[in-house]
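J.: Produce the entire structure from the sequences given, and follow the hints as far as they go.
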Amino acid sequence: MSDRRVVVTGMGVLACNGIDVPSFWDAISQGRHGIRTITTLDTALHETSFAGQVPLDNLTLVIGDKKNARRKDRFVHLALRAAAEAMAMSGLDFKNWKNPFRVATIVGSGIGGLTTIEEEAKVLAARGPSRVSPFLVPKMIVDSAAGDISIMYGAKGPNYCITTACATGSHCIGAAFHHIRHGQCDVAITGGSESPITHLGLAGFNSMGALSRRNSSPETASRPFDRERDGFVIGEGAGILIIEELEHARARGATIHAEIIGYGCTGDAFHETQPDPTGAGGIACMRMALEDARLNPEAIGYINAHGTSTKYNDSGETKVIKQVFGDYARSLMISSTKSMTGHTLGAAGGIEAIVSVLALKNGILPPTINYSTPDPECDLDYIPNTARAVRTEYALSNNLGFGGHNASLIFKRFGD
Amino acid sequence: MSEVRTKVIEIIADRLSRDKATITEASNVIADLGADSLDIAEIMMDLEDQFGVKLDEDQDLKTIGDIVKYIEGKVAAK
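Residue numbers (the numbering used here), protein chains in the order written: chain A, 1 to 416; chain B, 1 to 78.
One thing to keep in mind: the hints can contain errors.
[To be verified] Output of the computed footprint for chain A on chain B, the stretches with three or more beta carbons under 8 Å from beta carbons of chain A: (1) 10-18; (2) 38-47.
[Claimed, not checked] Derived DSS-like pairs (lysine-lysine); straight-line CA-CA distance at most 27 Å: (3) K66(A) x K62(B); (4) K67(A) x K54(B); (5) K20(B) x K66(A); (6) K54(B) x K74(B); (7) K156(A) x K95(A); (8) K67(A) x K62(B); (9) K78(B) x K62(B); (10) K67(A) x K7(B); (11) K54(B) x K69(B); (12) K67(A) x K20(B); (13) K122(A) x K66(A); (14) K20(B) x K74(B); (15) K20(B) x K7(B); (16) K69(B) x K67(A); (17) K156(A) x K67(A); (18) K122(A) x K54(B); (19) K7(B) x K66(A).
If you are wondering where the hints come from, they were derived from the structure by calculation, not from laboratory data. By construction, the Cβ of each residue, glycine as well, lies at the ideal position given by its N, Cα and C atoms.
T.: Below you can see the structure in the form of structure tokens.
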């Protein structure tokens, strides 16, 4: 295996509880959520009336002019804005790449431009096919965030989008990490973005019975691992990282926030939406990541869990963690930051990679908020309600997607 | 200025995010105003809706003047 090491040199985030890295980390480390009643659409006919929405109506600032802004779906605007923050933080001189073919863009979305699809389906029904927008396809296709980011930064290396529902962001980062480790590029812009809070998004997830219906108390609805959990809280956002080969980062004097050292990915081959009750896919996934990182399970200090706040995920993930870590599972500190961000689907892997990096860097492990009633099937340490100041060396981030897609990433605190 | 010309300039200025005052009959929609094939497809739909005519995509229309003349012909033939 190649000895090329890969580090994180830039991060950009948008979530319901923070619209850049400083405000987001402030919220996450203090247990502050951003889940509210939906105001952008009429939810009268929906079973669920709340979500984790990014508190910004106008996301066109990065793009600049109205003509170009109109051509992008909200999920692309979110991705572009997060990428701009990450690029600025990295200090990379993107106008003067030494070799643009060494810069990858691997950014995904679970769904893509749902808002656009919905709007144009209405046009089709009301006015016929000849009035469907020529921008429908470029706006809705799920790879458009990757395409648009690469255009913005002139990045001509490996360029694509991986779509694996809720595991999308983690798979994108894992693939980008391996591209750099294997020498195919030196820098990658990577992560995920999602904007699913539309009539179809709410209706579709509700019809599955996936969403929390705690309309009387949206602020306590996302309660991963708590016995009273009743489904996930849908959220929007983006999490984009700049990752870079270590010597490339050192040579330009970049600030290094953490190292990425392991990636695992497996499938359940079981059911469209339910996790395999044996957990075999999840177990193999975390083991693959540990092996990729050349680590013993006992090295991991913190797990940023998938922890969606659904009945089956949280008990299933707990079981999987116990199988991988054995007795040591009880010493692990685990949290689900979806308790504060809601479940941002394809963005979750990007956002939670950023949480994991900042947790290692700052020596603060964020909490699982809204935890009040222990569930006998979820009996590990979920860092209930209050962050912990703990310096730990290794963090593992899990994300598991509908379709049985499992992804695990391992990060290492950076220090020479 | 003809009514058609005023309306054509208004629609194109809006779609391409340009100042109406800077657009003349001589403005080339692609070279001067920065439209691409997708913009043009969208503008054609808007013009069809505005003037209640069916426009032929194969016309070689380069400038605002070309478009105005073509539409005036279509409107007259209605």
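J.: Of the hints stated earlier, which fail here?
T.: none
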